[in-house]
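Here is what each chain is made of, one letter per residue.
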Amino acid sequence: MDLTWSAEEERFRAEARGWLEANLAEWRADCGGEPASGDTRDGFAQHLRWERRLFDGSWAAVSWPSEHGGRGASLWEWLLFEEEYYRAGCPARVTQNGIFLLAPSIFEFGTAQQQAGILRRMAAGDDLWCQGWSEPNAGSDLAAVTSRARRVDGGWVLDGQKTWTTRGAFCTHLFGLFRTDPDSDRHRGLTYLLVPLDTPGVTVRGFGRLDGDEGFAEVFFDGAELADDAVPGGVVLGETDGGWSVAMATAGSERGLTLRSPGRFLATAERVVALARERGDAGQQRRAATAWMHAEAYQLHTLATVTKLAAGAKPGAEASLTKLWWSELDVELHELALDLLGPEAEIDGPWSKAWQFALAGPIYAGTNEIQRNIAAERLLGLPR
Amino acid sequence: MRFALTPDQVAFRDAARELLAKECAPSVVRAAWDAPAGQLDRGVWDSLDAMGVLALLVPESDGGLGLDETYLVPILEECGRAALPHPVVETAMVAAPLLGAGAGMVSTDLGGPLIPCAADSDVLLLRAGGGALVAVPPASVSLTPVAVTDRARRTATATATADATATATRTNTEPATDSRRSDDEMSQVRSVTAATRTNTEPATDSRRSDDDVSQVRSVAGTNSEPATDSRRSDDEMSQVRSVPFTRTNTEPATDSRRSDDDVSQVRSGSTATTTNSEPATDSRRSDDEMSQVRSVAGSAALVTDDAGAIERALDRGALGTAALLVGLGQAMLDLTVGYVTERHQFGKPVGSFQAVKHHLADAALALELARPAVHRAAWSLAHDAATAPRDVSMAKAMASDAAELAGRKALQCHGAIGYTVEADLHLYLKRTWALARSWGDSAHHTDRVATAIGAHSVQSC
Chain A
-3 MDLTWSAEEE RFRAEARGWL EANLAEWRAD CGGEPASGDT RDGFAQHLRW
47 ERRLFDGSWA AVSWPSEHGG RGASLWEWLL FEEEYYRAGC PARVTQNGIF
97 LLAPSIFEFG TAQQQAGILR RMAAGDDLWC QGWSEPNAGS DLAAVTSRAR
147 RVDGGWVLDG QKTWTTRGAF CTHLFGLFRT DPDSDRHRGL TYLLVPLDTP
197 GVTVRGFGRL DGDEGFAEVF FDGAELADDA VPGGVVLGET DGGWSVAMAT
247 AGSERGLTLR SPGRFLATAE RVVALARERG DAGQQRRAAT AWMHAEAYQL
297 HTLATVTKLA AGAKPGAEAS LTKLWWSELD VELHELALDL LGPEAEIDGP
347 WSKAWQFALA GPIYAGTNEI QRNIAAERLL GLPR
Chain B
24 MRFALTPDQV AFRDAARELL AKECAPSVVR AAWDAPAGQL DRGVWDSLDA
74 MGVLALLVPE SDGGLGLDET YLVPILEECG RAALPHPVVE TAMVAAPLLG
124 AGAGMVSTDL GGPLIPCAAD SDVLLLRAGG GALVAVPPAS VSLTPVAVTD
174 RARRTATATA TADATATATR TNTEPATDSR RSDDEMSQVR SVTAATRTNT
224 EPATDSRRSD DDVSQVRSVA GTNSEPATDS RRSDDEMSQV RSVPFTRTNT
274 EPATDSRRSD DDVSQVRSGS TATTTNSEPA TDSRRSDDEM SQVRSVAGSA
324 ALVTDDAGAI ERALDRGALG TAALLVGLGQ AMLDLTVGYV TERHQFGKPV
374 GSFQAVKHHL ADAALALELA RPAVHRAAWS LAHDAATAPR DVSMAKAMAS
424 DAAELAGRKA LQCHGAIGYT VEADLHLYLK RTWALARSWG DSAHHTDRVA
474 TAIGAHSVQS C
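If you're matching them up, the sequences are chains A and B in order. According to our numbering, numbering within the first sequence proceeds without interruption in unit steps and concludes at 380. According to our numbering, numbering within the second sequence proceeds without interruption in unit steps and concludes at 484.
Treat the hints as calculated values from the structure; they're not laboratory data. Please note that the accuracy of each hint is not assured.
Simulated restraints on C-beta separations [what the hints assert, rightly or not]:
| no. | chain 1 | residue 1 | chain 2 | residue 2 | range |
| --- | --- | --- | --- | --- | --- |
| 1 | B | Gln435 | A | Val153 | 51 to 57 angstroms |
| 2 | B | Thr180 | A | Ala306 | 37 to 43 angstroms |
| 3 | A | Phe203 | B | Ala34 | 53 to 59 angstroms |
| 4 | B | Thr364 | A | Glu63 | 38 to 44 angstroms |
Rough simulated footprint, nothing fancy, chain A against chain B, three-plus residues with beta-carbon under 8 angstroms [said to hold, decoys possible]:
| no. | segment |
| --- | --- |
| 5 | 114 to 123 |
| 6 | 435 to 444 |
Where is the CB? At the ideal position from N, CA and C, for every residue including glycine.
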């Protein structure tokens, strides 16, 4: 057991901190005032300029190999980067669904051509990826997807509808599950497809989330003709009819540490503690300490997880517990912040915005009810 | 960065787990409920002692294993899992670093006003006036058994500790130069030496400087101080060197006629007095003599009145208890998983219902996140990290909450069967309730964390 960072890791942290602080200040100055939400059209454009800055500094995807635009950082360094990122107050990553959800699957299942053609453009923000999983009748029950892809000469014809697609209205590409074997049901006969949203026959309609931003979209496929070479290296990720296992790998990433590193919660916890110190009563200050401990515990749990991953272990069903923890922690932190703000909590500011976003946590990436089922069945071994 | 137990730590823990599974079945815990005071079965205790668990934190030169909290804490988790009915935290985590190896079974009143296993122990570690810690034989105080929910705790309260304090103080302030020194005195001194050290010379020089003190601390192989006894053995020196705490009492304690006023001053903690004014001078002293401590009636030995050492002892107690709680929570979760898998209602195992699954997922989650906090605190104590007190409090708060949650969920999922004394669940449940509130409850430790992280405004401090 060694809970210290090496000198090399500390150097990495210092470099990240220096770069982030300087560039964040420049970006904010460029925005000419408080940047808008990344889930609005104006804000998304501003955030893309931030993403470009990250890419130019090789900070967009630190753990990727440099040939794909990363800097080959270890998982440990990635954690440090995330800590510094949120500590500095850097903005939410509008590219995250590509970088953190699709990319791990491309690395695991993609061909060399797909990796070469997709990843670097993703990191640069040239291609913007959204996730096409949920459908009006397939939410928690993902295996119930009915959107279909029919094989034709040189490509696929897509029909159906995806919905609740985060930032779909601003993105250029979608990755998702389509039923390619018409006689199949449940998790068999699904294929993981990569779809440019400018494919003829695809219609994207943005709509407001709870917080009013156009952060959601529904995507309609009406006989959309998807050519095999519409994406470099081909539009099928993994095997035809074998998309479920690819999707599950992504789901593991989404629930686990790549989507929500401890850094963002540690940073929020520090801010809540400061708020409690300034304006909390004794009970609220105790709640702040509890929330801080919960964030710190997530950090410690992650350090233990990364120790295992670094030793060659594969992420498993523990990711379900992790997802429960961080999503409920985020609600806890923001609920306390609202209580501390009192009547001012209704002001449409960063805390109320973040509170509304925190409420999505127990729903997205597999509802917490689903995660509790998974934890009980796969970790505790309870009967299905 | 590497946050995992080492293979050695895992091997130690697993050996303890195996031993406890064999020798501390629920029937052993139940037997502790009914054994008369002073007749607690020591089978598993002696096995843990033989394994080295009880003196794990004691330096090798003093008969211990010379290991640190990162080894002991995972073992304590196992002790919690087995609901071990012995004061293992009090002995291995709290007393051993203060008293050294061979003190026997130690009970304390430091975790609260009640003393678990008081009548069954060899030594009581009590808080005297002014907060000083004294060691007394159980026979020297008046113990009153207390009926508690977990009878395996075998709880009592002690009175007459003030007299014990006075005895200890008088004993320790006398210049111990008398060659006719009795065995009784020797054994007292032995226990005091182990705890208070630094005064390794007759403390007659009031000009003693900090340099001298640090010299004492750093003695390595050669004694740079005037030894009062030419027969002083290497064994003794290593004893002196190996004492973990580094108190620096520079006040000469030379007045054998010390008045009662002085004594009451000591009791109230208003002066930095005392300690053993001389190293033990008998080279033939053996561990056997330690056993004499147990039989010394009516006497007490000052262990330490150093605020830092006491604070550290309390932190060790809190962390050890946190480890027990994580183990207890895990035991209750495991019991319940087994039960809901076997128990059928509506033609299915009750564990197949989501309501039950979700209860147990919540328990698993809380324990999963409390455990790293406990292990981190062990590392912080072992490495003397500046954040150690904060980390211990975080561990105790989270472990208390997690174990209590696991207990509630376990009881609910057991249904009426869990609400009986025939089922084993209550053995763990009642221990959990007691320990969650011992050595500082969740609120106490949360407030300690709040202070450490600056959540308290100046006004509310």
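Against the structure, the hints:
no. : hint                                    : result
1   : B:Gln435 x A:Val153: 51 to 57 angstroms : 53 angstroms, holds
2   : B:Thr180 x A:Ala306: 37 to 43 angstroms : 51 angstroms, violated
3   : A:Phe203 x B:Ala34: 53 to 59 angstroms  : 58 angstroms, holds
4   : B:Thr364 x A:Glu63: 38 to 44 angstroms  : 50 angstroms, violated
5   : 114 to 123                              : violated (count 0)
6   : 435 to 444                              : violated (count 0)
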